Structures are given as C-alpha cells and as structure tokens.
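Colleague: Read off the chains here:
There are 2 protein chains.
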Amino acid sequence: MDYTKVWLNYRPVKSASAQVFSLCTQEKGPIIDNIFAEFDTALPAMYGIVPVHGYKDGTIPIELSLDTVLHAEAYRIEKNEKKISITAGAHVGLLYGTFALLRFMQTGKASADFTVEKSPSNPLRMANHWDNMDGSIERGYSGKSFFFADDKVIVNERTRDYARMMASVGINASVINNVNVRFSAPFLLTERYRKPLIEMAKIFAGYGIKLFLSVNFASPVRVGGLDTADPLDKNVQVWWRDTCKDIFEDIPNFGGFLVKADSEGEFGPFAYGRTHAEGANMLADAVRPYGGIIVWRCFVYNCQQDWRDNITDRACQSYLNFIELDGKFADNVILQIKNGPVDFQVREPVHPLFGGLKHTNMMIEFQIAQEYTGQQRHVCYLLPEFREILDFKTYNGEEFDTVKDLVSGKNYGYKNCGMAAVMNTGNDKNWTGHDLAAANLYGFGRLAYEDTLTPEEIAQEWIALTFGNESQVMENVQKILMMSWPAYEKYNAPLGIGWMVNPNVHFGPNVDGYEYDRWGTYHRISHSAIGRDRSSRGTGYSQQYPEPLASMYDQIETCPEELLLFFHRVRFDHIMSTGETLLQYIYNTHFEGVEDVEKMLTMWETLKDKIEPESYARVLERMQFQLEHSKEWRDRINTYLYRMTEIPDAKGRKIYD
Amino acid sequence: MDYTKVWLNYRPVKSASAQVFSLCTQEKGPIIDNIFAEFDTALPAMYGIVPVHGYKDGTIPIELSLDTVLHAEAYRIEKNEKKISITAGAHVGLLYGTFALLRFMQTGKASADFTVEKSPSNPLRMANHWDNMDGSIERGYSGKSFFFADDKVIVNERTRDYARMMASVGINASVINNVNVRFSAPFLLTERYRKPLIEMAKIFAGYGIKLFLSVNFASPVRVGGLDTADPLDKNVQVWWRDTCKDIFEDIPNFGGFLVKADSEGEFGPFAYGRTHAEGANMLADAVRPYGGIIVWRCFVYNCQQDWRDNITDRACQSYLNFIELDGKFADNVILQIKNGPVDFQVREPVHPLFGGLKHTNMMIEFQIAQEYTGQQRHVCYLLPEFREILDFKTYNGEEFDTVKDLVSGKNYGYKNCGMAAVMNTGNDKNWTGHDLAAANLYGFGRLAYEDTLTPEEIAQEWIALTFGNESQVMENVQKILMMSWPAYEKYNAPLGIGWMVNPNVHFGPNVDGYEYDRWGTYHRISHSAIGRDRSSRGTGYSQQYPEPLASMYDQIETCPEELLLFFHRVRFDHIMSTGETLLQYIYNTHFEGVEDVEKMLTMWETLKDKIEPESYARVLERMQFQLEHSKEWRDRINTYLYRMTEIPDAKGRKIYD
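Protein chains in written order, with our numbering: chain R, 14 to 670; chain W, 14 to 670.
Simulated from the structure, these hints should not be mistaken for lab results.
Be aware that a few hints might be false.
Each pair may be met inside one copy or between any two copies, as identical chains are not told apart.
[To be verified] Below, simulated EDC-like cross-link-like pairs (lysine to aspartate or glutamate); rule was C-alpha separation at most 20 Å, straight line:
| id | residue 1 | residue 2 |
| --- | --- | --- |
| 1 | K341 | D70 |
| 2 | K667 | D319 |
| 3 | K667 | D322 |
| 4 | K27 | D15 |
| 5 | K247 | E463 |
| 6 | K644 | D319 |
| 7 | K664 | E337 |
| 8 | K208 | E625 |
| 9 | K95 | E593 |
| 10 | K442 | D263 |
| 11 | K664 | D622 |
| 12 | K258 | E170 |
| 13 | K69 | E337 |
| 14 | K644 | D322 |
| 15 | K644 | D530 |
| 16 | K664 | D53 |
| 17 | K423 | E170 |
| 18 | K208 | E659 |
| 19 | K644 | E608 |
| 20 | K612 | E488 |
Source: prediction; values computed, not measured.
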C-alpha cells in the first residue's frame, strides 16, 4: 500500500547534533511497544541514530513512568540536558507524551530545557467516519473507505497507521461506520463481523482508541428477527442487552454506539410513539454494565417541508425536538449536537441547544469532511471557525458558559462529553484528498485535547511537521490556511444564508439549488430583499437563545453582520457597517473572494522548490481548480442578484447578465 | 407475460348480427399467416363466430388478392353486402388493409357498403427505440426494455405482439437500440448477437417491418479492433463493407443504420477532420449493395457552452452544421431532423433545416416518449402538435412546401424519407405507462401512413378501439386528449422559452434548472424582462428561415405569440394580444393550466363505470398526480416571476412569496 505518513513523516532536525537516546521504562504492554516503535522510527529520522533500549552510559535517557496522580490521558514532559522524562497517569498518557515530545523535537522547540504538563480538555475526542460497507464514504472526498470494502471489514497495515495518526493528535474514540446504517452495516453488531472487529480493536487499543459503532435503531427487527424495535418492549431490551454483552465481552475497548434516529428517514423511537430519551436510555441500560456510552445525534428535523410553507423553520427544529427532554437522558447518554442549527454551512450561529440544555451530557459535532466547504478540492482551514464556536459565550447561567466549557464538562467534572468530527479521510494516497485538508484533521484532534490552542498555533505545528519549518514555507502555508475559510465564505452564499449549492452533491454554486425543495433551506430572494426573518417577528428562532443573545440576534442593528442573512430578511439597499449597500457588499465580497484565491495560489506557487514535488503538484492542481471554481461561485451569485435587482456593480466590474 | 393488447383488444361489435366470414386468398407466406391469425382473433371477438378458411357457401368471403398496379404498402378495400375484398400491391399492403378493415368493423364504420383506397404518405415510418442492452431505456417511462436485458437480446411472445401492434398502425421500420450506442451495444453488429437478431427480424418480416440498428461510428475501433474509424481510411471502409455484407445476408429485412455522431459526446467523423457527409456517405456505400439506408441525425450542437457566453446560440447550431452540406449526401442517406431546433420542448418553432435543405433526403424526428412533456405521467396528446408542424409552410420555393411535403418526398417521388418517432414503449403491462399515452403511439403511426389525418380523427379511432365507442367515453376522452397539450403548455415554461425543468431527469419544474449550465438553454430572466433575442439584432437565428418567415419571426409585433419568448427578449410590461401584460399573461396561463387539469380529471372520473377498472385506476392515479404536479409547475414559475418582479397577480390569486 502506497500512502503518506502525513504529519508523522519525520525528517532530519536541522542544526541538531547527532544524539543517542536511550528508552527507559519498567512499563510493559502494547501501548509501550508502540511508544518504542515510534521512537525507533522518529529518532533515527530526526537525529540520525537509532535509540538504545534500556539505560546506557553516554546516552540521553528518555524515561517513561506512571504517576497515578495524573489523569490517565495526561502527561508531563521534563527535559534538561541530561535526560528527558515523560510521566503520565496511564500508558496512553505516555503515548500522548511521546507524540508531544517528538513534535517538539521535530518543530525545533526541544532545544532548550523545558517542562510541560498537559491534561486533555475533553474526555471524548471522537472521529465519526461515514464509511459504508461497500467501500463508499458518504460525503467522502478522499477515495474509498479503508475500513470496509465489498461488505467486508478491512484490517491491514493501514489500520495501524490510521490508529497511530489519530493517537498522535489525541483522538481516543473512533466510530468506523456511517450514521446511516444500511445494507449489511446493521450486521456489524453480530458474529458475522466479530473476528475482524476484534483484530481492529486490538490495534486501536495499542493506540488508546475505543472502537464505537453506529447502530440502526431497528436492529432488533433487521438483525435480531424480532417483530418490533420498541424500546419499551421487554424482548427488545433483552435483545440489546444480550447483543451488548457479547460485543463488550469480545472487545475490551469497545466504547458504545452512535445513533442517528428519527432523522432523514432513519428509523427511531417515534415509530412506537416513544421519545428520543426513551430510545436512548434503553440502549444506555444495555451498555452500562460495561462502561459503555450512547452517543445520540440531535440532527432531527422535518425533511419533507413544502417550499410554499413559510412558517416552518428547519433551524428551530433540532432545539424543539430536544429541549423538553433536558434532564431525561441517562448519565451514559451523550447528545451529539452539530455546531450550528442547520448543517455545516460555511457560517451558522452556534446551535442553541448549547445554551439551552442544562442537565444533559453534550458533545459538539464538527465536520472536517468539507461537505459544504469545498469538499477537499478547495482549501478551507476550519480551525478558525472551530475556535470561534468553542469560545462562544452561551449565557446559560453556569459559571463557565462558553461552548468549550459545556462540551468539555468543565461545570460537571469532565464526564461523558467532548468533541466529535465527521472525518475527512479515505484511502487516497495522502489520506485527505487535498494535502492541506490534513490540517483540519490534525487541528481537530489537537483542539479536542487542548481546547485553548489558537488556529495559528495549530497551523504552525502542522506545517512544520508536514512540510518542515523553513521560514517561507511556514509563512506562506500559514497565510494560505488562515485566509482560506474567510475567502471561501466571501465567494460562497453570503452572510450566513447558506445552501446555494447543487442539490445532493453539495458542491458548486446553485443559488436556487435548494430553493424550491423539501429541505427547509430557503433564501427567498426577491427583487428588493433577501433572507428569511428568524427574529421574534418571524419564525422566532432568535428566541431559542438566552438573553442577551436573543435580543442581539433579534434586531438587524445588533445582529452580528456575518450572520445578518441567517437571522433577517434584509433589503438590498440596507446600509452595511462598511457604508455600502447590502447588494454592493455581496458583489464586493464575491470579487474579493476570488482575489484571495489568486493570492493563495501565488503564495503556493512560490513554494515550488520547497515542497516535496508530488505533494506540491497535488495541491497546485486543486488550487488551480479552486480558482476557476471560485469564479463560478462569484459569477453565479453576482449574476443572480444582478438579474434580480438590475443594479450594476458600483465599481463597474464585469457581472454577466 | 401479462400485458394488454392496447388498441388491438377486439370486443363485440354492438348491434351486429352474427356473421360468418370466410377468408379467401391464393397468397401464401408469413404475412398471410399473420393476416389469417389476425382475422381468427378479431372476428370471433367482434362477431362471435370463428371464420372459415377458404370459400364456403353462406359465408361472407373476405378476399385477399394482389394488384401490382398498387404500391406495395397500399391497399383497397371494397365492401358490399355479399363480400369484402382487400387488394394490395404486396402482402404487406394486404396486412395494412386487414388492420384497416378490422378497425372499420370495430369502430362501427363497416355496416354500410364502402370502398376505400389508401397509399402510404411516407415511405419510411420508423420507430426509434432508445433501449439499452442492460434493459434500461433512455428517456423510457414505461418500465424496462422488451428488446434487451442483461446484455442479451430478447425474443419472445411479446416480440410478436410488438410487431403486430406496430404494423397495425403502419410502422414499417424499427431501430431497436438507443442512438447512444454504449457498453455492449456496439456488438449488436457482430456474430455475438446475430442469432437472436435473425429470429427477431423474422418475426418483424411477418409484419412488414425492417430491422434497423443504431451504430457507434467508432465501431471499427471498438468492435473491429482497427486503430482508426476514419471514414476515408481504406481499412475502415472494408471493415464496414464486410460487416454489412454479413448482416444483410443473414437478415433479409435488415434496413440499415441510425447514427448519432459528433453529438453530445458520441464519436463521429470530426475526430478525423471529416464532415458529416463524408462519414455518412462512407456508411452509405457499405449498405448500398443491399438496398440499405443510413439515417444520420442532425442533433448536433455545442453541449459545453459557458452560461456566461451570450453570443453562442444552440438553436442556430443544428442548421449551421448541416446547411453547407446540402447536396453532398449520398442518395441512400437520410438526414433525421428533430421537429424543432432545440430538443422536443413543449413548443418550438419548426426546424429551419426543413426550409433550408433542398438537395438532401429528410426525415422528421418526433418524440412520443414524453421526455419534456410529462413523461407519460401527464396526459399530453401530441398529435395536435405534429399536425401543426407537418402543415407548417416552409417557403422553400418548391411547389409543395409544407413540412409534410418535404418529409414525404412529395416533390421528389417519395424515395428515401419519412417520419420517425422516439418511442414511448416499455415492458409495462400497458406498454406505455400511461394508458392514454398509447394514443401518441397509435397516432404517430397512423399519421405517418396517412399524413392528412386530423388529431381529432385519430383520437376518435383510438378511443373507440381502446375503450369502445360509447358516446360519453368517446366525448370525454376526446376532450381530455385534445385539451392536454395546450394545458401542459400553459403550466409549463411559457411561450416557447422551454427548459424550466430539473436537470438530467427533465421532469418537474425548475426555472433555473438549466440556467447556469452548459447546455445552451437560457431564459435570462431579469427584473424587467425575459428571454434571449434570437432576432437579427440578437443571435440571428430568425434569419435561418426563408422569407417571409425570417421577417415575421424577427419582430415582436409579427412573431406568433406562442413563440414570442423563443425568438425575443421581452419586457414583462409588454402588452399581449389579450390586452394583458406579458407577466400577467404568464400568471394567467399558469392558473388556467391547473384548472384545465382539474377539468380533465373530473371528466375522467365520470367514466368510472365505463372503463375497464384496472385501466381506469391506472389513469386516475396518474391524473391525480398530474394535478398536484401541475400546481407545482404553476407555483414555482409564478413565484419565481413574482419574486423577480414583485408585481402581484392582478386578480389577487395566491402566489407564494
């Protein structure tokens, strides 16, 4: 198999004198083996000399030891001229400390003495793979699945490299199959797939990763042959308990289930008149004896809306479906809430459940699969967005009230909660299709472990590890990454309105693509105005937030401008803070977005001789595509609005008629 | 196999006294066998008594004899109280005479004495099936193919019923495979499929039908293993000659090839810098020794247009591609020209090649597969459209200058020319999905044989044959059929502008569905106006017609109103002949279209006890769908225009915002 090692492709540390390290520990086990293997790979690559195993005079010992005062996944690194020690609460902490130390070494930050201690911000740091058992990946833009092919589970060399890659950024849980659990996927629960799953989980265990499965709520019928899946039915409960007993006993590091129920056609407890809480709690009972967890998605809305219905508002629905159930979920159930109320658009407000739920375990769901943000053919570094969202103050009345406080469980003793991301990986050579998309995977993991990191810090680390820390490379790639989300937003659907994409594929501009469809996503552009009124005078969505947010969002004057068209219907002659009309603002940003991409492309081209040629060429080809595609975005949106308003660009630039 | 006999489902003739007929002829052969079989089926069903074979006292003889003065496909029926005689130029004419006689009997028109003589208007009356060898049908709305499945040719009982059905309306040529000749279809030419094709052709022969194949112009490479398909290459020519020799020798009633070349990605002579004439003539040479014919499609245009390009006009392109080649095609080549310049929209002008070509064999291509006209889920009886088109005066300078004169070859001695239709059949029980869609198949055949028939006459025949001639049935179904095309046009894209459909599927309204796409079909609606200027001041398309048409189309004032938006960009405040603004006219017609469908549905419902229940229910379900779907058409188009203009309906009806 031919694939890259992404950011784990260790290279010589410049200006480092050759050093001999010795690896010293009394610990034993599969994680320790993997730690040794990592040092054995990394140190010769960076310093030219193979490390010694065990104490030896004349070497710099790297001592690994446990300190149970520390959290299992926490680590402390102390380095001076004579030795380096890594201390952790458990083996997995030593593994994280190892990757941290190697990162410091590789990025040139390990030359002086230092002490660093880190403890994970979030208990669960979870990868959600939307891989299907036929090998396809829903919203996958990096090739086929490396977990499944032809209805079989794949376990091979790449499984280990996957686990290693995930562990290197602190991810500790992986849901390997799609939340839409169809065809043969419901049978992942059964003996049919047990053997390869045991093998896979064993590899995961060596990297501190728990294996989760997405399950179909109808499994008792589909798999178990029962005539009901009613969560209050005794036989159903017994079936789930028996099934869980088997799987947890076979797989010691099995974590539990991710469930998409009563959502977009997936089966759920509604079929029996039961609530989400009744459904989730029944499963929670079944996994509780084994410390298992049920992750229950909140992506629930009416996907059969009539476009003529101007009252129903999809943005309101996820909140309405769950807010009444606050406090009713078992303590080993976690609600997984998308970052925004709709669906991973380039700009959305923070999901109001984060301010709303007070007695429920929460996990935030990000999406690094760039479904709506360029599908890994556009550069779109999402960490700036994640940073904004995590720092969002929910005003929920708790002492710690930002989103990161809620999902990390800061108010509740860090129990069942955390961060999840829909993954962007596939069996492409570079794992993520676009080489620069790997920064989102790297960044998500790092942020989940250490939720105060800035996007700039993360980018610096990732660039240095991936491309080396030559100054022009560091500077230009950093600029490209940091420009990319704002640029994408500029040439995309404006100001939070979202959805101007081609149906189904969600790629490329199509202003009316979803306008007359059943998905509840309408811009309602007319000659003089754009947007839906989600204020208290409209659908009332703004009132799902606590004060002062509810009032702030409720008025055009106080609504953050980047969300203006999410919350309000606004006339095209509305004057923006820049002094331009709304229409001219949209024209301008669409011209600017393309100019930004031109700059990004130029910056990449200057790195021609400084980036490994194959990687350089892959990125170049995609950025050239992105430039043409950003023009298509610009032209289609500007032309649509020009035709609608017949008001030309104030600066006289070409808008096609 | 369970399928209906459509209009050949003979039923008792009311008020007829039981009559014994005797079938008398000296002719022998497979067609004669089929004639006898037809009488043996029909006469007992209509008159209650099995006919006698051969003369017998006390019977009414039906005498079949040849008169070589008559055209092979012509027939004369003479009926008096004592006997009925059918005379024809050849066996196939006797077959047509037989079907005509049975039609007269079934529709109650054979009670009095009569003499009728008919000769076919068009030499070729051709079915174009777009069936693929995997069993799918491109633009098929009646189930799967009955010619192919799983890359095999199907020959069974239905093959015979197909041939019988086609012959009963005078169709004498059938192209059984899709013009897009892909996957295993190029191999239909080869030994691989010869055996079942021989069997099929033999059945066809018994019904006077020639078998044609669509061929891939790249066959010498794809099938023959040559390294070129250049029509001027000696080896290519030899390959085609050898291939044709084999197939024509094996299949006596093989007719030739239908070719889609250099069109929508299909391979053609352009690849070698050759013209359509060079390509077609090379094939014509290969089939000439066997009396074979090459039908070459004129559906050639740039399907990679940039929507921003406002100069290129798809409507112009078919004409431009072929007009310079006038006179350069061999005499056994026929250019097959779609009825309009674009693609089977509900309203288009007549294709300008009909007035343009003067020295080229022509065939008109209609489409009874209702690709853009409701896909056999809407009733849309197309014979009124065909009638208009055939009667269109081209002003081409010939004595007989209507379209029907040109395609029938009236000026040139009726040689290689005629009418083709893309078929609407599949393996659905009722053959055409919608029971009423069979009227288009029936009507196309009848019109091709007898090109002066009116849509009303054809409808009367078809209704009486299909549902019986009870007066309310005759009246209501006739009204439904005759209302249906105008109704569809009313709620569809207005006034010839076309294309407001969902991409690819071509079903359901989507105003911008093709607006920013590469297919060259743009409405360019803005706040104040709609349409593209195809006049001499615009793309110049109007000037492809001879005078006085060119001048007539060139001015808004003289352009036929139903084509206003095909030819012109018009302001929404333009005053129509009705006195309304253009905008209000569009609103009105869209409300009216739905009202028309309501009336059609009511008329059908009144026939509940007069139509065979299964057929009644099938039609009812589709008409109920049509009603809802016509509302969707009305609302999406009206809403789009209301948003664009912000001018409300003058009559205060609900237009969604």
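Colleague: One pair to classify: K423 and E170, alpha carbons no more than 20 Å apart. Within, between, both, or neither?
Modeller: neither (38 Å within a copy, 76 Å between copies)
Colleague: Taking 20 Å as the upper bound on the Cα-Cα distance, should K612 and E488 be classified as within, between, both, or neither?
Modeller: within (13 Å within a copy, 71 Å between copies)
Colleague: Measure nothing new, just compare the shortest in-copy and cross-copy C-alpha distances for K664 and D53 to 20 Å and report within, between, both or neither.
Modeller: neither (61 Å within a copy, 82 Å between copies)
Colleague: From the Cα coordinates, with 20 Å as the cut-off, is the pair K208 and E625 best called within, between, both, or neither?
Modeller: Answer is neither: 40 Å inside a copy and 59 Å across each miss the 20 Å cutoff.
Colleague: Could you place K667 and D319 in one of the four classes (within, between, both, neither) given a Cα distance threshold of 20 Å?
Modeller: Between. Shortest inter-copy distance 15 Å satisfies the 20 Å Cα cut-off; intra-copy 36 Å does not.
Colleague: Is it within, between, both or neither when you check K95 against E593 at 20 Å Cα-Cα?
Modeller: neither (63 Å within a copy, 94 Å between copies)
Colleague: Between K644 and D319, at a C-alpha cutoff of 20 Å, which is it: within one copy, between copies, both, or neither?
Modeller: between (32 Å within a copy, 12 Å between copies)
Colleague: At most 20 Å between CA atoms: does that hold for K664 and E337 within a copy, between copies, both, or neither?
Modeller: neither (51 Å within a copy, 45 Å between copies)
Colleague: Up to 20 Å between alpha-carbons, please classify K442 paired with D263: within, between, both or neither.
Modeller: neither (33 Å within a copy, 53 Å between copies)
Colleague: Cα distance capped at 20 Å. Does K69 pair with E337 within a copy, between copies, both, or neither?
Modeller: For K69 and E337, the Cα distance exceeds 20 Å both inside one copy (64 Å) and across copies (90 Å).
Colleague: Is the C-alpha distance from K208 to E659 at most 20 Å within one copy, between copies, in both cases, or in neither?
Modeller: neither (65 Å within a copy, 64 Å between copies)
Colleague: How would you classify K247 and E463 at a CA-CA limit of 20 Å: within, between, both, or neither?
Modeller: Neither: 43 Å inside a chain and 73 Å across chains, both beyond 20 Å.
Comparing the model with each numbered hint stated earlier shows that hints 1, 4, 5, 7, 8, 9, 10, 11, 12, 13, 16, 17, 18 do not hold.
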